[in-house]
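As you go down the protein sequences, you meet chains A and B in turn. In terms of my numbering, the first sequence opens at residue -11 and continues consecutively. In terms of my numbering, the second sequence opens at residue 770 and continues consecutively.
Worth flagging that the hints you see were computed from the coordinates, not collected in a lab. Do not rely on the hints blindly, as some may be mistaken.
To be verified - Computed Cβ-Cβ distance ranges for the label pairs, DEER-style:
no.	chain 1	residue 1	chain 2	residue 2	range
1	B	Pro862	A	Val45	23 to 29 Å
2	B	Glu1010	A	Ala194	35 to 41 Å
3	B	Glu929	A	Leu213	46 to 52 Å
4	B	Ile787	A	Ile193	26 to 32 Å
5	B	Leu899	A	Ala194	46 to 52 Å
6	A	Ile273	B	Ala1001	24 to 30 Å
7	B	Ile787	A	Thr74	38 to 44 Å
8	B	Gly802	A	Leu284	34 to 40 Å
9	B	Ile787	A	Leu81	55 to 61 Å
10	A	Leu213	B	Ser895	46 to 52 Å
11	A	Ile273	B	Pro966	43 to 49 Å
12	B	Arg873	A	Val45	39 to 45 Å
13	A	Val45	B	Glu998	41 to 47 Å
14	B	Gly1078	A	Val45	37 to 43 Å
What the hints assert, rightly or not - Computed footprint of chain A on chain B, listed as stretches where at least three residues anywhere in the stretch have a Cβ under 8 Å from a Cβ of chain A:
no.	segment
15	805 to 812
16	1167 to 1181
Unchecked claim - Far from chain A, some chain B residues (derived; all Cβ distances over 12 Å):
no.	residue
17	Pro857
18	Ala866
19	Ile1006
Values in this document were obtained by computation on a predicted structure and should not be read as measured data. Yeah, the Cβ is synthetic: ideal placement off N, Cα and C, and Gly gets one too.
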Amino acid sequence: MSAVTATFVEAANARRWRAFDWQLLLYLVLLVGFGAVMGYSANYETGSAPGGLSQTVKTLIWTSIGLTLFFVAARTDYHWLQTFATPIYLLVLGLLVATGLLGTNLFGAQMSISVAGIDFQFSEISKVLMVVVLAAFLASRRERIGRLSTIVGAGLLMALPAYLVYRQPDLGTALVFVAILLGMLFMSGAGMGWLALLGGVTLAIAPIAVGALQAYQRQRLFCFLDPAADPQGACYQVIQALNAVGSGGLLGHGLTAGRQNQLGFLPVQSTDFIFTVVAEELGFIGGMILLALFALLIWRVMQVGWGARDPFGANIAAGLGSLLLFQITVNIGMVTGIMPVTGIPLPFITYGGSSMISLLFGMGLLQSVRVHSWKPTF
Amino acid sequence: MADLDQAPDGRQPRARFIAAAAAAVLLFGILGGRLFQLQVVDSAKYAAQAVAARTVEVPIRSPRGLIFDREGRPIAVNTPSWTLYARPADLPPEKAARDAVLRRAATLTGIAAAMLQQRLATFRGSPFDLVPLASGIAREAALLIAEERAGLPGISVSAEARREYLDETGAVNGELLAHLLGYTGPVSRDELSALTPRGYLHDDVIGRDGVEASYEAELRGTYGSDLWERDANGRPIKVLERLSDPVPGKNLMLTVDARIQRIATETLKWGLEAAGVAQGVTIVMNPQTGEILAMVSLPTYDNDKFAAGISAADYAAYVSDPTKPLRNHAIADIYPPGSTFKLVTGLAALEEGVTTVSQRWPTYGCYQIPDAPAGQCLFDWNHRGFGQLSIVDAYAKSSDTFFYQMAVGLGVDRLGGWAKELGFGAKSGLRLPGEAGGTVISKAWAQAQGRPDVFTGELAMAGIGQNAIAVTPLQLLNAYAAVANGGHLMRPMIVRGETDGDGNLTRAYQPEVIRDLAASPQDLQIMRIGAREVITTGHATNIGALQVPGALSGKTGTAEFGTPTAQGVLPFHSWFVAYLPSQAGATDADLAIVTFTYSAVVRGNVSLEVVKYFFQQYFNLDQDLRREFQVNAN
């Protein structure tokens, strides 16, 4: 390699690293750190099985893997992925079908595959990969973005993986797919009339979808309307979550001092209900700090989106933004009793390797979009 | 057509991103507002709900009060009883291993493994609850279980207090005082709803009979409680605060002397056996205070069996026994008092002026009932009659025809009124469960049978304690005590007061007067003279030869009832009631006794012989004046 070329590459690299969004990385590190601390607190007394790695150590390992993938993805030119959209789509379908066939039971649902003692929840990485697939599809439809065929095509693309996930059954993740689809269609500029129609159709068939749910899913779904309806049964979690959140007050009881948490009244406190631990132990202030971190993160994601030079990059940002916003809203809404209980994890905070690694990889893609398509305004 | 959303350089429509960002701001605002509502506005409400959901009031049991006899001997104590428990969460999860643990526990305790498994299987509750598998485990078995703890995961034994009943020697003996003490037993599911507001627990015990039942409130004390924090599985974590301290039950001292109870029991037993009689009662009382010194109802039962958890077979045997061993015949059953009732008729006749002390009345072999057809007469027990008698002689000789005339002279209202004045026809108010009120002749009694008034013959019979008169042995003794003490009808007492843990009296309950009799001291004295004459010159002179410390007075009574034997003899109840000063030189009677024996077919008065034997034992006399009983064959 000639010196001239090397200098050019270096200059190009330097330019790119100037475009690197350090704020995005900062918010991610803060969120991941926040999650690790809350995970530690949530399991403070219950502990982990003797001999096994503690949850906190596992979280740190997953975070390391995730951050590595984040930097690898950030360095890689995301355009490269566009050419692989079809294989990626087939990979997603393959992973989800495999989960259905080989999956281990988790709360009665086949949601993960166990390899060498580590559970992989492929539905998590599928969310990020489907963002890529859909971003490529919508970018290819750039000239015909306003047409109905765009919406139908995107819908069909998303329907298959969403259905596979729904069958596991994992209603929450299926809903995330739908949210990603709608968010990306909207932000990619799909026809508003057709979108409104799609929204109307979705609302119309919602009762049918609810009717098709298992009885326990349906009961849990409606607890948020009236938790007192079944305080010992399906709505137990909602009531205990409300008690925990409310008793946190302004300042909270302090880390590892939340009684509802430590006494096991929040049955899945380190996963879907982790926000109750935040609210109980760190209070309103702690909850608002976490919300603020999420708001800043989504702001950075949106920034990348509207600053992207090409539709593919913008669509990736739109998809990841939709994913984050939907999961944050539904998860916190669920534990504060204004949304149905659907089992959707809180990004970066909920304990779980698949979600952590997938999301950090997704954020790496976002960083790549910024680094590789950012045109600084002078 | 130009799309207004379209950015000029081919980039994504910026307006859509801004709209999405606005939606994000709105959603975050809703979440923040909801958090503010839950955590700042309504925080106190949710905090209170959270505390209520994770705390539980755990009762602290208070020890049941002990019971002592009047000499301070412990007669009802608390003793450890071992119960075998399983905590399902700590048992091995695999069925084979769990069954092995249960089998081992069954072997060590000598209880069928199937029963333990059944108890465990039928338990409904948290797996962290202690499931009682078997109670009343032997101490040795409990120690073995404790030693093998490591090999018996989930199995434990714990000691709980149960009642143990002792006799005058301190030995475990539930038969001596069963009717007085009663026993404790588990509360039933039916009772629980009524008892829960009073602090009873689902596995609590309650007094079932005797003093254990009637003094339940004093003996039980008041349970305290701790506020415990528990986890979501219901496992208690720590005490948050002491809500109330337990108040131990009060220790009680009975008026009963276990040694006197023993003498009364053994002497009555002798009489019943010697006469072939199944049931009998002896009550000993201090007539000055109404304190019960002994109260024996035979046959008795073993209340310690009940406290330990009686077997179904033992219980069925008690219930089906025709002599009703579970009943305290001294207070719960009523019998015709026979000639002992002449005290009432005599006192009434004096008070109402039917006769004077010196007036002499003819007596007959058979008394022609006034207003009845000629030949309808009532026999005297002495079919030849006694000739002319004054009231004292008539009482001493127990002339029936004399007292027929007194009763007819009094009329139903005055005879019945005086019977009530002396405490008949109403519960005495002794604080023991199951007391009967008895029957006293009255117009209402006749009207209840559809007649306007009693027949004159019934009235005459009532005058000698037959027919329309039925009394408990306690009522009879109490009436004699009232005459003996100068006219104070005392409320019989069973509990003397409260004690410390060693049986030293710390608070004495005061004797209580039901009423001072409306009789004149002179008339009371005439009746006392009559009762003294019974012993010295009258019907029961044989007992007068006993060298008791004070002047003995008393009265016999018999009442035929039922169906004749094969020999044509009617069985009869026999009574003997007596009182005397127990100290030499004393003039006030401080010892009164009644013995009642049920349905004898032998010659003589069984009860008189029993009382005679009692005095011989009580006063440690060298004499033995007991008579042999001979089967009566007319």
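Hints versus structure:
In this structure the hint that Pro862 of chain B and Val45 of chain A lie 23 to 29 Å apart at CB holds, the actual value being about 28 Å. As the Cβ distance of Glu1010 of chain B to Ala194 of chain A is approximately 50 Å, the hint placing it in 35 to 41 Å is violated. A beta carbon spacing of about 48 Å between Glu929 of chain B and Leu213 of chain A agrees with the range 46 to 52 Å that was offered as a hint. Take Ile787 of chain B and Ile193 of chain A: their Cβ atoms lie about 30 Å apart, and the range 26 to 32 Å holds.
Evaluation of the 46 to 52 Å hint for Leu899 of chain B and Ala194 of chain A yields a pass: the beta carbon distance comes to about 49 Å. A hinted range of 24 to 30 Å for the beta carbons of Ile273 of chain A and Ala1001 of chain B is consistent with their spacing of about 27 Å. Checking the proposed 38 to 44 Å range against Ile787 of chain B and Thr74 of chain A shows it is violated: the Cβ atoms sit about 32 Å from each other. At roughly 19 Å, the beta carbons of Gly802 of chain B and Leu284 of chain A sit outside the given window of 34 to 40 Å.
Judged by the Cβ atoms, the range 55 to 61 Å given for Ile787 of chain B and Leu81 of chain A is violated: they are separated by roughly 35 Å. Separation of Leu213 of chain A from Ser895 of chain B is about 30 Å and departs from the stated range, judged on CB atoms against 46 to 52 Å. About 45 Å separates the C-beta atoms of Ile273 of chain A and Pro966 of chain B, a value consistent with the hinted range of 43 to 49 Å. The hinted range of 39 to 45 Å is satisfied by Arg873 of chain B and Val45 of chain A, whose Cβ atoms lie roughly 41 Å apart.
Val45 of chain A and Glu998 of chain B have their C-beta atoms about 30 Å apart, which leaves the hinted 41 to 47 Å range violated. For the hinted restraint 37 to 43 Å between Gly1078 of chain B and Val45 of chain A, the CB-CB distance of approximately 55 Å leaves it violated. With 6 residues bearing a CB less than 8 Å from a CB of chain A, the segment 805 to 812 of chain B meets the requirement of three and the coverage assertion stands. Coverage of the segment 1167 to 1181 of chain B by chain A is violated [criterion: at least 3 residues with CB-CB distance below 8 Å; count 0].
Every beta carbon of chain A lies more than 12 Å from that of Pro857 of chain B, the smallest distance being close to 18 Å; the non-interface claim holds. Every Cβ of chain A is farther than 12 Å from the Cβ of Ala866 of chain B; the closest lies at roughly 20 Å, confirming the non-interface assignment. Annotated as non-interface, Ile1006 of chain B brings its C-beta within 12 Å of a C-beta of chain A; the closest such distance is 7 Å.
Checked against the numbered hints above, the structure violates hints 2, 7, 8, 9, 10, 13, 14, 16 and 19; every other hint is satisfied.
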